[in-house]
Amino acid sequence: MQNPLYSKLLATLAFTAIGIVPIAVFAATFKAGEQPSVSVGTTIEDDLYMAGGNVTHAGVVTGDLIAAGGSILVSGTTEGDLQVAGGNITILGAVSDDVRVAGGNITINSAIASDVAVLGGQINIAGGGVGGDVIGAGGTIRIDAPVAGNVRLAGGDVFINAPIKGAVEIQADKVTLGSGAVIAGD
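Mapping of the sequence shown onto our numbering: residues 936 to 1121, in sequence order.
There could be a bad hint or two in this list.
Cβ pair distances, simulated, as ranges [to be verified]:
hint, residue 1, residue 2, range
1, Gly1056, Ala1119, 40 to 46 Å
2, Ala1061, Ile1105, 29 to 35 Å
3, Pro1081, Glu980, 27 to 33 Å
4, Phe965, Val1110, 27 to 33 Å
5, Gln1106, Ala963, 34 to 40 Å
6, Asp1121, Gln970, 15 to 21 Å
7, Ile1105, Val975, 20 to 26 Å
8, Ile1118, Ser974, 37 to 43 Å
9, Gly1039, Gly1113, 39 to 45 Å
10, Asn989, Gly1074, 37 to 43 Å
11, Gln970, Leu1112, 36 to 42 Å
In case anyone wonders, no lab produced these hints; they're calculated from the structure.
Since the structure is predicted, the reported quantities are computational estimates derived from the model, not experimental observations.
Cβ coordinates follow ideal geometry from the N, Cα and C atoms, glycine included.
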């Protein structure tokens, strides 16, 4: 029998993937190639679409950032949504809206102002915290950052070691609550 939480997450991420290829992208910047990048001190005043082998964003994007690649490093600021798909994904820069990520190894070590939806093999969420909800599915999921909303996870091993203000729903083979885990909701 298929896990309903996992099915909902897959449907959400599939719908998000469709949104990565918008019908009209008139006010957008595109960067593609083996190593597309936005350097420190650079500001993109609209949405940014990036694709390549090694994708790097270290500047400021005032709109949404949509990226796909083998290895993705986001150390700059994203003032809109962040949507990323790739093999190895590292998010170190602040995001002012939602984060949607699918990949093999995912590390989020920054402040996320709104919701996080994540699907991956190994998932680590740390840093400044999540201002909204977290929904995720993966082989190993670790949350070491405060979450202001609800948490819904499905995975093999789930480890929570941070305060969660909302409700927590977990379907996993193994669940571990660390000494820093404080769940205020159900």
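Do the hints match the structure? See the list:
At roughly 30 Å, the beta carbons of glycine 1056 and alanine 1119 sit outside the given window of 40 to 46 Å. In this structure the supplied range 29 to 35 Å is violated for alanine 1061 paired with isoleucine 1105, their Cβ-Cβ distance being about 18 Å. A hinted range of 27 to 33 Å for the beta carbons of proline 1081 and glutamate 980 is consistent with their spacing of about 32 Å. For the pair phenylalanine 965 and valine 1110, the beta carbons lie near 42 Å from each other, so the given range of 27 to 33 Å is not met.
Evaluation of the 34 to 40 Å hint for glutamine 1106 and alanine 963 yields a pass: the beta carbon distance comes to about 38 Å. A hinted range of 15 to 21 Å for the beta carbons of aspartate 1121 and glutamine 970 is inconsistent with their spacing of about 46 Å. With their beta carbons about 38 Å apart, isoleucine 1105 and valine 975 fall outside the hinted range of 20 to 26 Å. Remark: the range hint 37 to 43 Å for isoleucine 1118 to serine 974 is upheld by a beta-carbon distance near 41 Å.
Range check, glycine 1039 to glycine 1113: Cβ separation about 24 Å, and the 39 to 45 Å hint is violated. Taking the beta carbon of each, asparagine 989 and glycine 1074 are about 24 Å apart, not inside 37 to 43 Å as hinted. The supplied range of 36 to 42 Å is met by glutamine 970 and leucine 1112, whose beta-carbon atoms lie about 41 Å from each other.
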